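Mind the numbering: the sequence shown is residues 3 to 165 in this note's numbering, read in order.
The set of hints was computed from the structure by calculation and includes no laboratory data.
Any given hint could turn out to be false.
To be verified - Label-pair distances were calculated between CB atoms; the ranges are:
1. P30 to L68: 18 to 28 Å
2. N54 to I29: 14 to 24 Å
3. G101 to P122: 16 to 26 Å
This one's a predicted model, so the numbers in the text were calculated from it and none came from an experiment.
The beta carbon of each residue, even a glycine, is placed where N, CA and C say it ideally should be.
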Amino acid sequence: MVQVRVAGVALDASGQHVLLLKPVDQIPGDGLVLPIWIGQLEATSILVAVENADVPRPLAHDLMRLILVALDANATRVEVTRIDDGTFYAEITLSTALGDRIVDARPSDAVALASRVGAPIWVADEVLAEAGVPDVLTETDAAESLDEFKRFLDDVEPEDFGG
Numbered sequence: 003m004v005q006v007r008v009a010g011v012a013l014d015a016s017g018q019h020v021l022l023l024k025p026v027d028q029i030p031g032d033g034l035v036l037p038i039w040i041g042q043l044e045a046t047s048i049l050v051a052v053e054n055a056d057v058p059r060p061l062a063h064d065l066m067r068l069i070l071v072a073l074d075a076n077a078t079r080v081e082v083t084r085i086d087d088g089t090f091y092a093e094i095t096l097s098t099a100l101g102d103r104i105v106d107a108r109p110s111d112a113v114a115l116a117s118r119v120g121a122p123i124w125v126a127d128e129v130l131a132e133a134g135v136p137d138v139l140t141e142t143d144a145a146e147s148l149d150e151f152k153r154f155l156d157d158v159e160p161e162d163f164g165g
């Protein structure tokens, strides 16, 4: 397993959101990055957590965190465990009064929760070897992505989040 961090959320050429996970010991523009295509709501939720942004109402992953707190449980680890036919799989390790429990999850949900509770994120070596791509992100790219997200937060309305 390789410990990773959220390097960013980007849009691909077709407008799809891509979660970028990067090994913690590599600098931007060096080594590999793991791209995982995710939905718009999950992308927003991850960016809200990573940027510690205020939202008018709690998002689904905020609710997950609150449920864990209410149950006196902790998400202690997130792992992207495998890729099968282009689909990524993840697990969340929960520390509970009944012992550790492992819960199957989509990587986007697992990362969104980990970003809220400070749980480390890990990727299986085989997954990074199979799906990792050379990192070509520059500091300018990262700054532009952050500016775009801040503009989004300025324009977002509560009804944009549904429910």
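Hints versus structure:
1. Restraint check, P30 to L68: a C-beta distance of roughly 33 Å breaks the suggested window 18 to 28 Å.
2. Our hint of 14 to 24 Å for N54 and I29 holds, since their Cβ atoms are close to 23 Å apart.
3. In this structure the hint that G101 and P122 lie 16 to 26 Å apart at CB holds, the actual value being about 19 Å.
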